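Heads up, the sequence shown is in full-length UniProt numbering, so the first residue is 1 and it goes up one at a time.
Keep in mind the hints are simulated off the structure, nothing from the lab.
Just so it is clear, the structure is predicted and the values come from calculations on it, not from any experiment.
It is possible that some hints are incorrect.
Here are the simulated DSSO-like cross-link-like pairs (lysine-lysine), alpha carbons at most 30 Å apart as the crow flies [claimed, not checked]:
1. LYS82 with LYS72
2. LYS118 with LYS72
3. LYS101 with LYS86
Label-pair ranges, simulated between beta-carbon atoms [claimed, not checked]:
4. SER59 with LYS95: 31 to 37 Å
5. LYS88 with CYS119: 28 to 34 Å
6. TYR75 with ARG129: 22 to 28 Å
7. THR32 with GLU117: 35 to 41 Å
8. LYS88 with ASP53: 34 to 40 Å
Glycine included, C-beta positions come from ideal geometry on N, C-alpha and C.
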Amino acid sequence: RIPPMRELWQEGRTCECDAYPDSFCSNGICETTTPVGPGTKTGTKIREVDGPDRCNINSGMTDVVRDIFLNKHNYYRSLVAKGLAKDKFGGNAPKAARMRKMVYDCDVEASALRHAEKCRWGHSNKLERLGL
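Please model the entire structure based on the sequences and the hints provided.
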């Protein structure tokens, strides 16, 4: 795993291919020939957390769900960072110069929850998210 606030893309050919059975490294990205989808028993390993959730808000989210979203988000950011994300012209988007790994922010979750509870279309007011 890449520590928080470290670059996602680094020179070299490295993979940690433990998310799916029979996965292998291909151009710095883990791939598998085993089908991944409904009815299969493969999937990303998620760390179970004992004790209270990391965020002290009653949002209905658990740490397991937070980790699923964060890991998937960082997976796609990693594709972009390595220049493996497809662009609209049929090629690949350019590599990112200094893309960092995202970390979970409970304050941002709380702000998003407050805004969602208002049921208004659009971004929240900048004054409602000072410091975020």
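How the hints compare with the structure:
Using a Cα cut-off of 30 Å, the hinted pair LYS82 and LYS72 holds, with the two alpha carbons roughly 16 Å apart. Proposed proximity of LYS118 and LYS72 is supported: the alpha carbons are some 27 Å apart, at most 30 Å. Of the pairs offered as hints, the one joining LYS101 and LYS86 holds, with about 20 Å between alpha carbons and a cut-off of 30 Å not exceeded. Judged by the Cβ atoms, the range 31 to 37 Å given for SER59 and LYS95 holds: they are separated by roughly 35 Å.
Checked against the given bound of 28 to 34 Å, the beta carbons of LYS88 and CYS119, roughly 33 Å apart, stay inside it. Against the hinted window of 22 to 28 Å, the Cβ-Cβ separation of TYR75 and ARG129 comes to about 26 Å, which satisfies the hint. The hint said 35 to 41 Å for the Cβ distance between THR32 and GLU117, and at roughly 40 Å that hint holds. Taking 34 to 40 Å as the suggested C-beta distance range, the pair LYS88 and ASP53 conforms, at roughly 39 Å.
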